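Fit chains B and C with the ligands to the known structure of chain A by using the hints.
Protein chains in written order, with our numbering: chain A, 1 to 193; chain B, 1 to 489; chain C, 1 to 263.
For the record, the hints were derived by calculation from the structure and aren't laboratory data. This structure is a prediction, so every number in the text was calculated from the model and none was measured. Honestly, I wouldn't trust all of these hints.
[Stated by the list, open to error] In silico DSSO-like links for lysine-lysine, alpha-carbon gap of 27 Å or less: (1) B:K423 to B:K229; (2) B:K106 to C:K12; (3) B:K269 to C:K126; (4) C:K143 to A:K25; (5) A:K186 to B:K210; (6) C:K126 to B:K107.
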Amino acid sequence: MSNRLKLTDILVTIVISIGFGILYKIWGPLYYAVKPFGINIDQLIYGMWFMAATVAFLIIRKPGVALLAEVAASSGEFLMGSEFGLEVLLYGIIQGLFAELLLMAFKYKRYDLLAVSMAGISSCIGSLILDFYKGYIGDLSTWNLVLYMTFRFIGTILFTGVLANSIVKALEATGVTNLVRTTSQKDFDSLDQ
Amino acid sequence: MECITSVNKLKLKFPEEEGLLFNDLTISIRKGEKVLLLGPSGCGKSTLLQVLSGLIPQSIDIPIKSESIQIPDSWGFIFQDPDSQFCMPYVDEEIAFVLENLRIPKKEMTGRIKELLATVGLFLEDIHTEIRTLSGGMKQRLALATVLALDPEVIFLDEPTALIDEEGTAQVWDTVKAISKDKTIIIVEHKIDQIMDVIDRVIVFTHDGKIMADGNSTYVFSNFKEELKRFGIWYPNAWEEYKKEKVQNTFTEPSDHMLRLQNFRGYRKKENAITLEKAAVHSGEWIVVTGANGAGKSTLLLSMMQLLKTSGDYRMDGRPIKKFADLQRKAYFVFQNPEYQFLTNSVIEEITYELRQRNEVSNAEFVKKANDLLTIFGLKDKQKQHPYHLSLGQKRRLSVATAFIQNPQLLLLDEPTFGQDSKNTFKLLELLQEECQKGTIIIMVTHDLNIIDHFATRVWEVKNGKVISDWKKDEIKTGSEGNVYEYIF
Amino acid sequence: MNISFEESWLHKVNPALKLFTLTFLFVFAVTIHHLNYMITFTLTVSILFFFCTGQPYKHLLLFLLPFLLVFFSTAVSMILFGKGETTLFKWGLVNVTEESLYRGLHLGFRALVFAMMGITFVLTTKPVQLFYSLMQQLKLHPKYAYSFMAAIRLIPIMFEELQTIRDARKVRGIQSQKGLSGVLKSIKSLPIPLLSQSIRRAFRIAVAMEAKRFNSSNARTFYYHIGFSIYDLLFIVYFVLTISLAYFFALEFPLFPVTDVRH
Ligand SMILES: Nc1ncnc2c1ncn2[C@@H]1O[C@H](COP(=O)(O)OP(=O)(O)OP(=O)(O)O)[C@@H](O)[C@H]1O
Ligand SMILES: Nc1ncnc2c1ncn2[C@@H]1O[C@H](COP(=O)(O)OP(=O)(O)OP(=O)(O)O)[C@@H](O)[C@H]1O
Ligand SMILES: [Mg+2]
Ligand SMILES: [Mg+2]
Numbered sequence: 001m002s003n004r005l006k007l008t009d010i011l012v013t014i015v016i017s018i019g020f021g022i023l024y025k026i027w028g029p030l031y032y033a034v035k036p037f038g039i040n041i042d043q044l045i046y047g048m049w050f051m052a053a054t055v056a057f058l059i060i061r062k063p064g065v066a067l068l069a070e071v072a073a074s075s076g077e078f079l080m081g082s083e084f085g086l087e088v089l090l091y092g093i094i095q096g097l098f099a100e101l102l103l104m105a106f107k108y109k110r111y112d113l114l115a116v117s118m119a120g121i122s123s124c125i126g127s128l129i130l131d132f133y134k135g136y137i138g139d140l141s142t143w144n145l146v147l148y149m150t151f152r153f154i155g156t157i158l159f160t161g162v163l164a165n166s167i168v169k170a171l172e173a174t175g176v177t178n179l180v181r182t183t184s185q186k187d188f189d190s191l192d193q
Numbered sequence: 001m002e003c004i005t006s007v008n009k010l011k012l013k014f015p016e017e018e019g020l021l022f023n024d025l026t027i028s029i030r031k032g033e034k035v036l037l038l039g040p041s042g043c044g045k046s047t048l049l050q051v052l053s054g055l056i057p058q059s060i061d062i063p064i065k066s067e068s069i070q071i072p073d074s075w076g077f078i079f080q081d082p083d084s085q086f087c088m089p090y091v092d093e094e095i096a097f098v099l100e101n102l103r104i105p106k107k108e109m110t111g112r113i114k115e116l117l118a119t120v121g122l123f124l125e126d127i128h129t130e131i132r133t134l135s136g137g138m139k140q141r142l143a144l145a146t147v148l149a150l151d152p153e154v155i156f157l158d159e160p161t162a163l164i165d166e167e168g169t170a171q172v173w174d175t176v177k178a179i180s181k182d183k184t185i186i187i188v189e190h191k192i193d194q195i196m197d198v199i200d201r202v203i204v205f206t207h208d209g210k211i212m213a214d215g216n217s218t219y220v221f222s223n224f225k226e227e228l229k230r231f232g233i234w235y236p237n238a239w240e241e242y243k244k245e246k247v248q249n250t251f252t253e254p255s256d257h258m259l260r261l262q263n264f265r266g267y268r269k270k271e272n273a274i275t276l277e278k279a280a281v282h283s284g285e286w287i288v289v290t291g292a293n294g295a296g297k298s299t300l301l302l303s304m305m306q307l308l309k310t311s312g313d314y315r316m317d318g319r320p321i322k323k324f325a326d327l328q329r330k331a332y333f334v335f336q337n338p339e340y341q342f343l344t345n346s347v348i349e350e351i352t353y354e355l356r357q358r359n360e361v362s363n364a365e366f367v368k369k370a371n372d373l374l375t376i377f378g379l380k381d382k383q384k385q386h387p388y389h390l391s392l393g394q395k396r397r398l399s400v401a402t403a404f405i406q407n408p409q410l411l412l413l414d415e416p417t418f419g420q421d422s423k424n425t426f427k428l429l430e431l432l433q434e435e436c437q438k439g440t441i442i443i444m445v446t447h448d449l450n451i452i453d454h455f456a457t458r459v460w461e462v463k464n465g466k467v468i469s470d471w472k473k474d475e476i477k478t479g480s481e482g483n484v485y486e487y488i489f
Numbered sequence: 001m002n003i004s005f006e007e008s009w010l011h012k013v014n015p016a017l018k019l020f021t022l023t024f025l026f027v028f029a030v031t032i033h034h035l036n037y038m039i040t041f042t043l044t045v046s047i048l049f050f051f052c053t054g055q056p057y058k059h060l061l062l063f064l065l066p067f068l069l070v071f072f073s074t075a076v077s078m079i080l081f082g083k084g085e086t087t088l089f090k091w092g093l094v095n096v097t098e099e100s101l102y103r104g105l106h107l108g109f110r111a112l113v114f115a116m117m118g119i120t121f122v123l124t125t126k127p128v129q130l131f132y133s134l135m136q137q138l139k140l141h142p143k144y145a146y147s148f149m150a151a152i153r154l155i156p157i158m159f160e161e162l163q164t165i166r167d168a169r170k171v172r173g174i175q176s177q178k179g180l181s182g183v184l185k186s187i188k189s190l191p192i193p194l195l196s197q198s199i200r201r202a203f204r205i206a207v208a209m210e211a212k213r214f215n216s217s218n219a220r221t222f223y224y225h226i227g228f229s230i231y232d233l234l235f236i237v238y239f240v241l242t243i244s245l246a247y248f249f250a251l252e253f254p255l256f257p258v259t260d261v262r263h
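One chain only, chain A, in its complex shape (with noise of 0.2 Å):
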């Protein structure tokens, strides 16, 4: 049992991110259409950007995907002529640099809601940093700025946790996931009946 990313692995690990890119490039003037509204309900739907390694991750279950994946989402969205044009490839870099470190922390041997939860809040720790220096929210008024990360915090929850989550749980059901996922020994061993 190898851990090392084959070329299926790669190959749907970037079809299911590119797919994401066509989703966060949707994503763009809806969160840029809530965000006047004040009081930051757009950091609400932040978590979304990333999604495409958490799903990624909990599909193959290997080593570099989150990573992989969140590249592969910020180029598709960066090819499809998004609104934050390369913004979006130092985003997608840094956000899943920070999954990936998190999952490697828990030796990639969790896919579990928790590991996958914490993930997108390393994503979401490395996204605000890059807000620091790109975005001046330090010169938010304090009230503000509380509400900014709490909000993005609790989106990130719903979307890298709860949400992706449940699309792999869905998607295990249609049994698709085992293209890419090792047999087990108990498989093999079966064989001599």
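Same frame as chain A, but now just chains B and C with the ligands:
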């Protein structure tokens, strides 16, 4: 002669399945042989092809065991689905992808690409043509060109012509014949009529993955004919014998309901994609729609089902049909690609899906019907399986079977018999015939001339997005002159 | 996107170099805290966007619409809720100060410039060329490059698939419900079949690629040779020149009386 690919005592089982698909199967293929693997649908032919090429377990992770296995050094594989075997958007880039893998220098590439395209008879104005603009037949020929680029010792072909028109099928096999001289060719195919002169060895499997017969084609087809017939496997002249035994389907009396179409047009992306000038169809008619790949047959059926935008006068029993809702419960459609149709996670859920939608699962009569259909189509012991994990022929049968649960007045079927063995083809057609005689209007796309001959009462020919002819089998003339059609425009 | 257009000189710039330069400019733009310079910098990029992508103006204006939305929405939230001393306007939680106004404008221009750089790149680069260039200039592993190209080929197929899934559901008797709950229901039921179809398709393509001897070796030749040309020099010189000019104009003829928008 030396052996080029073989496997000794192969055991193979799909994860989460009960029994073994292969139990101690031994097979060996010698260099230069042209082999046809024949067997009932679902017996494991496609799977075996993947084992012999090494795709299982190298690329597809399925547990296997064997005492010894020999995989050819160089081989090419033509898959059944033309759309899922290309990775680049343009024709030249796709072939170049293979040449790059083989490290052919760039300056030789364009020449090689042109040469390969000429070998398979794919003549394009510009080699930089988008793959998605090609028809099914052209796509399979491109696939053949990419395989030839590998200059393989062995070529594996898994039903490469299942979705291709007569002309395209002939082209593909002619090409195979032309290139096969010193190559080993292993073919899985149900439509065997056109390949009899390509092959020199036939291996027949039973439904449980054992070898029933193995030898040259004359030997197999003359000594095992009874078995082939009993197991429902195609053999030359199967259709002729069937036609002799069964009476031809004829159009009886026009009765209660009918369709009327006038100046009917279907649109794809605002462009007129199909035109039907005028037609009246009565209940009990069985119309076969034919035409080359890409002519617009599927488009016609989609339009008649109101899944595309349409214009013109379209009436069913006098009531105008303007949108999909006007046809709900009255018409049913079977898609060309069976996978499109699957909505649930098991065969049994799939077949009872409509019943559950209408809260009629408790209706014993319907449940019995669903069970009967599964038995008829040999899917009874696959009930719990996921529809996507069926063999190609099984998928097709399941998607067609769902049509029989309801009693639609109009049944539209897009190539319902592709990839079937003879038993299932005939059963399926007979069921359709029953429906037809109960008064259902059947409109179906097929490339199979035998179906036109024996079952259809009427033929529509589609060419370049237009229904160009409408022939009716004339009841009066058939008696004396055989199958004569009357032109009714 | 399948819009007909003319190829401009920007199309001939080496894709990897183009990406690299724009990434550099992206980082550069983040370090600009001077509102006037931000504005003149935006101008240099917009010249490329408007005159050098080879797209008809109708399309460019269409692309511009969402960018303006980005501009306003980014600017507005900082303007209304940013910190600052010199209050211009106050109403409840809303506190518009001179500092937050300028900072908001600055952010708006920054977002606009990112967007225009991105779209200029996308409009003048073919994905296949980009990935060949990345393989040749930046030694991107072919496994990733070809997976990307295959995935991009699948995008239109995925959209068609979405339509087919909807059709199939209709045929199988799922009445499309009207109103919000109907829309929500269909949003819920479409992604799973679409995702599982895409995964299956991706898997099949990967198997087909391996069947074509991909992966057997890392060394390979290339059908497209992506090299460097005079246009690459032109591209770099353009930015060196215009950015210097922009800096000069920003200092000499300031539009707004601020230098650093940070707090
Ligand atoms: N992934 C899978 N999981 C479980 N069972 C499978 C899977 N793929 C195939 N099968 C089963 O294995 C059997 C052999 O399938 P295979 O595709 O090899 O049949 P085939 O002989 O090629 O049939 P056809 O002529 O219909 O194409 C079938 O009964 C099928 O239901
Ligand atoms: N989803 C689509 N979008 C746009 N054009 C399409 C689409 N599907 C098919 N076409 C085009 O419409 C024309 C008719 O296609 P259609 O699928 O109806 O042909 P067909 O007669 O069913 O062919 P086949 O025998 O290969 O199934 C073709 O030129 C095809 O390229
Ligand atoms: Mg098969
Ligand atoms: Mg068709």
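Hint check results:
no., hint, result
1, B:K423 to B:K229, "holds (8 Å)"
2, B:K106 to C:K12, "holds (20 Å)"
3, B:K269 to C:K126, "holds (25 Å)"
4, C:K143 to A:K25, "holds (25 Å)"
5, A:K186 to B:K210, "holds (25 Å)"
6, C:K126 to B:K107, "holds (22 Å)"
No hint from the list above goes unmet by this structure.
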